[in-house]
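S.K.: The lines below spell out each chain.
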Amino acid sequence: MTTVRIYVTYKQSVFDPQGEAITNSIHSLGHDEVQSVKVGKFFDVVIDPSKKAVEESVKEISEELLVNFNMETYTYKVLEEK
Amino acid sequence: MAQEMTPEEIKEKKPYLDWSLSEEEYNYISEKLLHRLPNYTETGLFSAMWSEHCSYKKSKPVLRLFPTKGKRILQGPGEGAGVVDIGDGQAVVFKAESHNHPTAVEPYEGAATGVGGILRDVFSMGARPVATLDSLHFGELNDAHTRWLLNETVAGIGGYGNCMGIPTVGGELTFDDIYKGNPVMNAMSVGLLDVKDMQKGIAAGLGNAVMYVGAKTGRDGIHGATFASHSFDSEHESQRSAVQVGDPFMEKLLLEACLELTQKHADWLVGIQDMGAAGIVSSSAEMANEGQSGMELNLDLVPQREPGMSAYEIMLSESQERMLLCVKKGHEEDVKKIFDFYDLDAVVIGRVTEGHNYVLRHHGEVVCDIPVSSLTEDVLEEPSEESKPAHMIEAENAENWQPEIKDLAAAYKQMMGQSTVASKQMFTQTYDSMVRTCTVVGPGEDSGVLRVRGTHKGIAMTTDGNGRFIYLDPEIGGKRAVVEAADNIIASGAEPLAITDCLNYGNPNEPEVFWELHHSVMGIAKACEVLETPVVSGNVSLYNETDQKSIYPTPMIGMVGLVKSIDRVVRDSFQEAGDSIYLVGQTGDDYAGSELQKMLTGEISGTLNDLDLDHIHAYQQKLLAEMEAGRVASAHDLSEGGLAATLAESSFGHDIGAEIKSDLTSAEFFSETPGRLLVSVRPADEAEFAKALGEDAVKIGTTGGSTLKVQLADQTAELAVAELKDIWGGAVPCLMKSKD
Amino acid sequence: MKFAVIQFPGSNCDIDLYEALHTVCGADVEYVPSKESSLDGFDAVMLPGGFSYGDYLRAGAIARFTNIMPAIVKMANEGKPVFGTCNGFQILTEAGLLPGALKRNDSLKFVCKTVELEVVNNDTIFTSEYQRGEKINLPIAHADGSFYADEATLKELEDNHQVVFRYSKENPNGSLHDIAGITNKRGNVLGMMPHPERAVEALLGNTDGLRLFKSILDHAEVKA
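The listed protein sequences derive, respectively, from chains D, A and W. 714 is the number of the first residue of the first sequence in this note's numbering; add one for each residue after it. 294 is the number of the first residue of the second sequence in this note's numbering; add one for each residue after it. 8 is the number of the first residue of the third sequence in this note's numbering; add one for each residue after it.
A hint or two may mislead.
Said to hold, decoys possible - With the C-beta cut set under 10 angstroms, the calculated list includes, among others, these residues of chain W facing chain A:
hint, residue
1, P16
2, C20
3, D21
4, A27
5, G61
6, C119
7, G140
8, A159
9, E163
Said to hold, decoys possible - Label pairs and their in silico Cβ distance ranges:
hint, chain 1, residue 1, chain 2, residue 2, range
10, A, F634, W, Q138, 51 to 57 angstroms
11, D, E777, W, H168, 48 to 54 angstroms
12, A, D633, W, D47, 42 to 48 angstroms
13, A, G601, D, E768, 35 to 41 angstroms
14, W, D35, A, F634, 21 to 27 angstroms
Said to hold, decoys possible - Coverage of chain A stretches by chain W, computed from C-beta distances (three or more under 8 angstroms per stretch; other residues unrestricted):
hint, stretch
15, 537 to 547
16, 698 to 706
I should point out that these hints are in silico values taken from the structure, not numbers from a laboratory. Glycine is no exception: its CB is placed at the ideal position from the N, C-alpha and C atoms.
With these hints in hand, go ahead and build the complete structure from the sequences.
M.R.: Structure follows, in structure tokens:
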């Protein structure tokens, strides 16, 4: 089984109000070193590579369901293979 | 899995003390009820079922004081919710519930699951919930933690109610430092029912199935019931595991499935009950007790979210969005099909048995075999000591505070910016108040009003609590709370029908706290009798204290009224210029516990004047008759901030000012004498109105203009409606934005 | 003319649409659960507000995989009226029947209030009873109503007059171009965040939404 973490975020150009609010509150805590925060979500997906190639599977479920390409984009990394 | 203690080890090591079961109770159970030592699972069940939250062992003697019967009352306390006849074969179903402790610990989920729980109570009666109200009392907004708690609480209430598609149409929100560590979060649900569809929590009929429906059981919220019966200390962070997480989507499906069953297939069903506090054990034991039945459950059949749960954990889990049904033998598959359509679990986990024993099997072994009644009826009532609070005796021996208003205009502006008086729109507009398109009057007025589809009727509803008055004098304060609720209902043109309550108090083992509980219930009971609004349901929340400091005694009164003709609903704002303004009810020197006292002195003190309930009831009835006859253009209850605040609020809705001439003093302008309403009357209706109300209504002015011109006995002032409205509208958002 | 009001798991404004059509407009309307796969016999389909599938993942994202969706797409392709309000609008964008997407409100909060809208395009089957440029008031009630589309899509929407309603006094959620409601290119699919079905009776204080339903019914009459 392969565990893949898929990260979904807004595209660069899309305004992220949560990220903005979190940045502001980090600044109010005095962390001037923080320039910006972007909020996203991740999905840990356990895939059986004998049934479908992991890369292909990730691409399909992301495009079909997890990501709305009008405003979002994604990356992923393999966390564990066993 | 850790080895469970043997009965002998339990006797020796007394783990039950941590679960809030006393040694005396444990011994009574062993010696008098079971005649043997209870095992680990049984001890757990007893500790949950004998908690105050499930058994009312402390408050029961006091609760018996409430009047609970009336000609319209179809179901009083003891079921999921109270049921009141509104004619045409229909009934209104309602109950309120406190979720103070979970809200203090995890405000979003605490508030959300508070709403979820009270909704299930209402739809377990076979009713469709049609409205939610809340009653919130928090610390002052100058504290960052309080602001966070409040934001999260409001988000939790909205998050659950909005997703369920049940409008939040009213409520209250007040601020006082006393609630800083222990906020009060009460939620009330109101539902509608065709009387023929009414259900009960009962399991009976040999061989009938006990069915579990809804979400799976996990380890969340174990000992929530005992958690609610504990006080907090500042190290409460460690108790976080006891908070449940709500899933309103699941509950929406559960609601629709349950209503399909109760409305279309009631003949398959014997009884239905929410799995609330103390989960499976309380719902199943109470249903068996109601049916005088025995019951046997196989815990291996309970749908479980986590592996390796013990019998104790399965029985005490407070996972949300679950219901227990008793289904007639032979209809199990039919019921399952309904729940299948909604993708919900529906599993037979046991049967009604002969005799009167409560038997649980787990992994092939009997893990509990005790009389049903030992869990439900044999609970030892705890006698309580009570003593009159010392502060009351002190107050009786001192002079009451008398206000001095130096600058009427300045005081007026300051009053409209007090957080308790000011607009709460920034919170209420995060609630969907309109979904289901029945909301005639939404949040921000004296009561929320809904039409009843297919009829000309409406129902009005309100929540009211005023801990300050009840702290100063529990009995008079209790009367005032009911009068205030009735005024709110009448202000919308509705006839008060009945109440539900949430009794929020400190630690009842303190004699002064118990005295507060006892005497405020006396006051509430007395007012309910006179105003003919019986108590049909309720909830008790004790141990509301932080670091040994109790909150004010804060009973919440949730009242429901009937609007005979929905197009005669009366709003709180002046409708037109040129109408006459009347003050209904006498004004006295009622400054103790008032917003004015809080504003000018920073604290509250003094003794309260008693009320003439019969007199108030008499003129409330006369006023209501005038409203039902369509002779009242607007009506607004007087509460915090007195006539001053009510006058201003009445002017805001349509930006219509007023000219007031009164022989009241500027202090009396802010007095909070209960039982008063401000009404406006069209010139054409004035003669009849004045004749009907007689001495109980005094004309004090006329609507019109864009200012409030106030000529009082000692001072005059003229303020722009727009300026007061800005202060009133901006105060709370401004406080919520502060950074410190 | 027969309307279908789709009930997705978690829909909760279904009754509002049904009552507006049935009780107020006297139209022929039926509920259709999203587990059904056919809309044969219906002339228009209405997607209600609510929280289909709890709005888990994204508002409307899971609803588009229900059995009924192919039938809705078919009706859209046949040029029949397809209407979605609030969650219904979100579902229509997720399903690709309308361009763009609905994001979390800029305030990050759910907001329920009445807002002023401008009727930007009255040359549609949904808005023929309104005047162009007319200001109307409709309730909104949503947390994810901020309309987003990239520049090219926005330009196309504007050029094709697909923007039907715009927020006019204040923009309550951060929608680009103040967009409150759009149609597809053909003009037979309308999605909007405001709730016209909540504004059809004087008793509830607002009737500005009534003409939207009247427009659809008029259109059917003209056609018939």
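S.K.: The structure should be examined with respect to each hint, and the outcome stated for every one.
M.R.: Going down the list of hints, with the structure as the test:
1. P16: Result: holds, 6 angstroms to nearest chain A Cβ.
2. C20: Where the cut-off is 10 angstroms and the nearest Cβ of chain A is about 6 angstroms from C20 of chain W, the hint holds.
3. D21: holds, 9 angstroms
4. A27: holds, 7 angstroms
5. G61: holds, 3 angstroms
6. C119: At 5 angstroms from the nearest chain A Cβ, C119 of chain W passes the 10 angstroms test, so the hint holds.
7. G140: violated, 27 angstroms
8. A159: Violated. Min distance 34 angstroms.
9. E163: violated, 33 angstroms
10. A:F634 x W:Q138: 51 to 57 angstroms: violated, 45 angstroms
11. D:E777 x W:H168: 48 to 54 angstroms: Violated, at about 32 angstroms.
12. A:D633 x W:D47: 42 to 48 angstroms: violated, 25 angstroms
13. A:G601 x D:E768: 35 to 41 angstroms: The hinted range 35 to 41 angstroms holds for G601 of chain A and E768 of chain D, with Cβ atoms some 36 angstroms apart.
14. W:D35 x A:F634: 21 to 27 angstroms: holds, 25 angstroms
15. 537 to 547: holds (count 6)
16. 698 to 706: violated (count 0)
When the structure is compared with the earlier hints, violations turn up for hints 7, 8, 9, 10, 11, 12, 16 and for no others.
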